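2 protein chains.
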Amino acid sequence: MKQKPIISNAVIRRLPRYRRYLRELRSSRIDKVSSKELSELTGYTASQIRQDLNHFGDFGQQGYGYNVDVLYAGINAVIGLGRTYKMVIAGAGNLGRAIANHNYYYKTGFIVTALFDKNPDLIGRKIREDLQILDYADMKEYIEKNDIDIGIICTTKDAAQEIADIFCAAGVKGIWNFAPIDIEIPDNVCIENVHLSDMLYSLVYRMNNKTNE
Amino acid sequence: MKQKPIISNAVIRRLPRYRRYLRELRSSRIDKVSSKELSELTGYTASQIRQDLNHFGDFGQQGYGYNVDVLYAGINAVIGLGRTYKMVIAGAGNLGRAIANHNYYYKTGFIVTALFDKNPDLIGRKIREDLQILDYADMKEYIEKNDIDIGIICTTKDAAQEIADIFCAAGVKGIWNFAPIDIEIPDNVCIENVHLSDMLYSLVYRMNNKTNE
Chain A
181 MKQKPIISNA
191 VIRRLPRYRR
201 YLRELRSSRI
211 DKVSSKELSE
221 LTGYTASQIR
231 QDLNHFGDFG
241 QQGYGYNVDV
251 LYAGINAVIG
261 LGRTYKMVIA
271 GAGNLGRAIA
281 NHNYYYKTGF
291 IVTALFDKNP
301 DLIGRKIRED
311 LQILDYADMK
321 EYIEKNDIDI
331 GIICTTKDAA
341 QEIADIFCAA
351 GVKGIWNFAP
361 IDIEIPDNVC
371 IENVHLSDML
381 YSLVYRMNNK
391 TNE
Chain B
181 MKQKPIISNA
191 VIRRLPRYRR
201 YLRELRSSRI
211 DKVSSKELSE
221 LTGYTASQIR
231 QDLNHFGDFG
241 QQGYGYNVDV
251 LYAGINAVIG
261 LGRTYKMVIA
271 GAGNLGRAIA
281 NHNYYYKTGF
291 IVTALFDKNP
301 DLIGRKIRED
311 LQILDYADMK
321 EYIEKNDIDI
331 GIICTTKDAA
341 QEIADIFCAA
351 GVKGIWNFAP
361 IDIEIPDNVC
371 IENVHLSDML
381 YSLVYRMNNK
391 TNE
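Line by line, the protein sequences give chains A and B.
FYI, the numbering for the first sequence is 181 to 393, going by our numbering.
FYI, the numbering for the second sequence is 181 to 393, going by our numbering.
There may be inaccurate statements among the hints.
If chains are identical, the list can't say which one is meant, so a pair holds when it fits in one copy or spans any two.
[What the hints assert, rightly or not] Listed below are the simulated SDA-like cross-link pairs for lysine to any residue, each with C-alpha atoms no more than 20 Å apart in a straight line:
id, residue 1, residue 2
1, K306, G273
2, K266, N388
3, K306, N274
4, K337, T288
5, K390, D345
6, K298, L314
7, K325, F290
8, K390, V369
Since the hints were derived computationally from the structure, they do not count as laboratory data.
Computed from a predicted model, the values in this text were never measured in an experiment.
Pulled out of the complex, with its shape left as it was, chain A reads as follows (with noise of 0.2 Å):
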């Protein structure tokens, strides 16, 4: 295998979304997709995603396009789906809960085997049958114990370092936080942020300059 080539941020954010083209392209059977008729599903540049899917191997063929089951495989791979990733929530409300009933639907290998909150009204209750909500004060050693790959924040903005911070102790390789905080991590521990007011405000912007994407 070759050395891996570096992977601009802006390239890995649009990997998902040729993923998820891929998918509807499969499921309506279609087997063979040119660069332009992602360009026009995606709206990148068929340039742009030419170049985008030459960083990860040599998956088209000129005049013929990319063949969809390779691709969307080729894309797979690149991101590191096909395994399973084990999740624990912390912070059981609203949200947490949404994560882990949103993600029980994607079947690509992501499983939350618990959430952590720390009011006891909550400990001890059922999500599913096959998820509960546990103890904070145990969290520590239940991630320790199962060998827990992503650690979700979904806690007050107050709450999220310290979580983060008990996260990374115990062992977690991803954090997912969607606390409204930028939290401090080691430069082993790689993190996701979710800040939606952020997105709303972008949002507005773009409705009061009225521009979009």
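Using the hints provided, position chain B relative to the given structure of chain A.
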């Protein structure tokens, strides 16, 4: 007022982030900040920050930096904050409720006035004293009568386009879409998509390739 310049989507995305850091500085009673200090906070380069903020007016003063209050107020004005935005949510499951309650805390003028669902067990229920779940069948009329600005889609993928069509027909100016599908909307409506699975895949890619943003 001079003609509005065309602002790239990347700049629009950074604005709310500047706003967040300025809010923190204000609550720490810090009254001025240099582009270098903003760079350390935000992770963007000082020259990028100066370039970004220059798009919107003369906020900075050479050798002095930025007045935090003035810059904060300026960014709020550029985004379009300082007025009220009325929003409704389609889909009163966990995610819809999470957004409804989350939003409650923003305190920046965004008010969810109603949730809508088709489930008879949910219709009529109250989320809070001032917030009720209403029937999908009444959504169009409600939006028209109450002059709703933003429609939020928290339904399944399958219902999302139909909901968006009702939102647009009823006259919303923006759609905040949490359903995992790209929706077609007319040119006069703006949309912000929150594709949670895309974000998760981007995190996983970085975990597997040990790169952080």
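Exercise. For which of the previously enumerated hints does the structure constitute a violation, in increasing order of number?
Worked result: Failing hints: none at all.
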